[in-house]
Amino acid sequence: MAGTVLMETAEPNTLSSAEGVHKDFHAALSAGIEYLDQHYGEDAVREFLRDFAKSYYAPLNRSLRHRGLSALRDHIGEAYSREGAEVVFRGNDDELRVEVPACPAVAHIRHAGYPVARLFRETLGSVYAAVCDGTPFAFELLEYDDATGRSIMRFHRRPQ
Amino acid sequence: MIPATDFIPAYTELLKALARRGGREAVHDFWNGLATSLLERLPDVVAEQGVRGCWLYWNHSLGQGAEALEGALLEETPASAEFSILVRNCPHKGVGNGLRAVERSGDYCSHCDVLYVRVLRPMGYDCTVDTNHCDEGYCILHAKRRTAG
Chain E
1 MAGTVLMETA EPNTLSSAEG VHKDFHAALS AGIEYLDQHY GEDAVREFLR DFAKSYYAPL
61 NRSLRHRGLS ALRDHIGEAY SREGAEVVFR GNDDELRVEV PACPAVAHIR HAGYPVARLF
121 RETLGSVYAA VCDGTPFAFE LLEYDDATGR SIMRFHRRPQ
Chain S
161 MIPATDFIPA YTELLKALAR RGGREAVHDF WNGLATSLLE RLPDVVAEQG VRGCWLYWNH
221 SLGQGAEALE GALLEETPAS AEFSILVRNC PHKGVGNGLR AVERSGDYCS HCDVLYVRVL
281 RPMGYDCTVD TNHCDEGYCI LHAKRRTAG
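For the record, the sequence lines run as chains E and S. The first sequence begins at 1 in the working numbering and counts up one residue at a time. The second sequence begins at 161 in the working numbering and counts up one residue at a time.
Next comes chain E alone, as it looks inside the complex (with noise of 0.2 Å):
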């Protein structure tokens, strides 16, 4: 077609954060969280969290039943790192503490002007809980800071 101009994706993305990681989808993540939650309940948050965590977090459930807790801590690692954040693991073979000196999602989200939801740290402790459910380990979410979504997380082999 004369006049037309085809634009390949390898334009440069001028709307894109530095890392590359679409940090928007934290927003849209924490709109529907906060939407859940209005309109039909904290139970409601609790186990769209849960039912995601069980069915896309399969494979880390599993892996967590025959590694064990270095499972969860290069999944961790690996997810704060792709956001340009570092976290700090603590532990041995039985528990694992994990602390996030500040939330790259809640970072994103207030840079950005939006609304953090009321129940974010369910993405921590709605999930990490289904995470472990059937395996040897066990999740408490210690410290959570609503304002910088900073966290310690705590993981431990449950008592036999």
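Hints in this document: simulated from the structure, not taken from any laboratory.
Across the chosen pairs, the derived CB separations fall in these ranges: (1) E:D94 - S:T291: 48 to 56 Å; (2) E:R82 - S:H293: 25 to 33 Å; (3) S:H302 - E:D43: 37 to 45 Å; (4) S:R306 - E:L142: 52 to 60 Å; (5) S:T291 - E:G84: 34 to 42 Å; (6) E:L141 - S:N292: 38 to 46 Å; (7) S:T196 - E:V88: 37 to 45 Å; (8) S:R281 - E:E140: 43 to 51 Å.
Calculated from the model, a selection of chain S residues having no Cβ within reach of chain E, i.e. all distances over 12 Å: (9) A207; (10) S270; (11) P282; (12) M283; (13) D286; (14) C287; (15) H293; (16) E296; (17) R305; (18) T307.
Using N, Cα and C, we set each Cβ at its ideal position, and we do this for glycine too.
Could you slot chain S onto chain E? The hints should help.
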């Protein structure tokens, strides 16, 4: 944190949760809210750059899945100001076909029709979304600026 790279399956599960509790009405109500709040940059980019702004926006939106971007094209004719985007390898379908399967949401493919058309139409664009080929993993959104008179 659910990583941004895991958004498509999480979003799919969200739509299913909304549909279970409130039917399609809840899904569309959520999208309408999203169009108002999260797509606030789309009108700005389109106002500044016309159809090229559309392309930039979708380049960004689909940027997570390079496989989807391979099919994202802009056809810009200055006279007609037309934009079409062909998503060849829909990330939603890719997830559905992948090893880490999340059961697909029946409503997923309607979201462009609600979200983006709602924003572009008031800006003077006639929009259509062809979702007849969703099962094959592709869809086409077409926007054409209305001419005066």
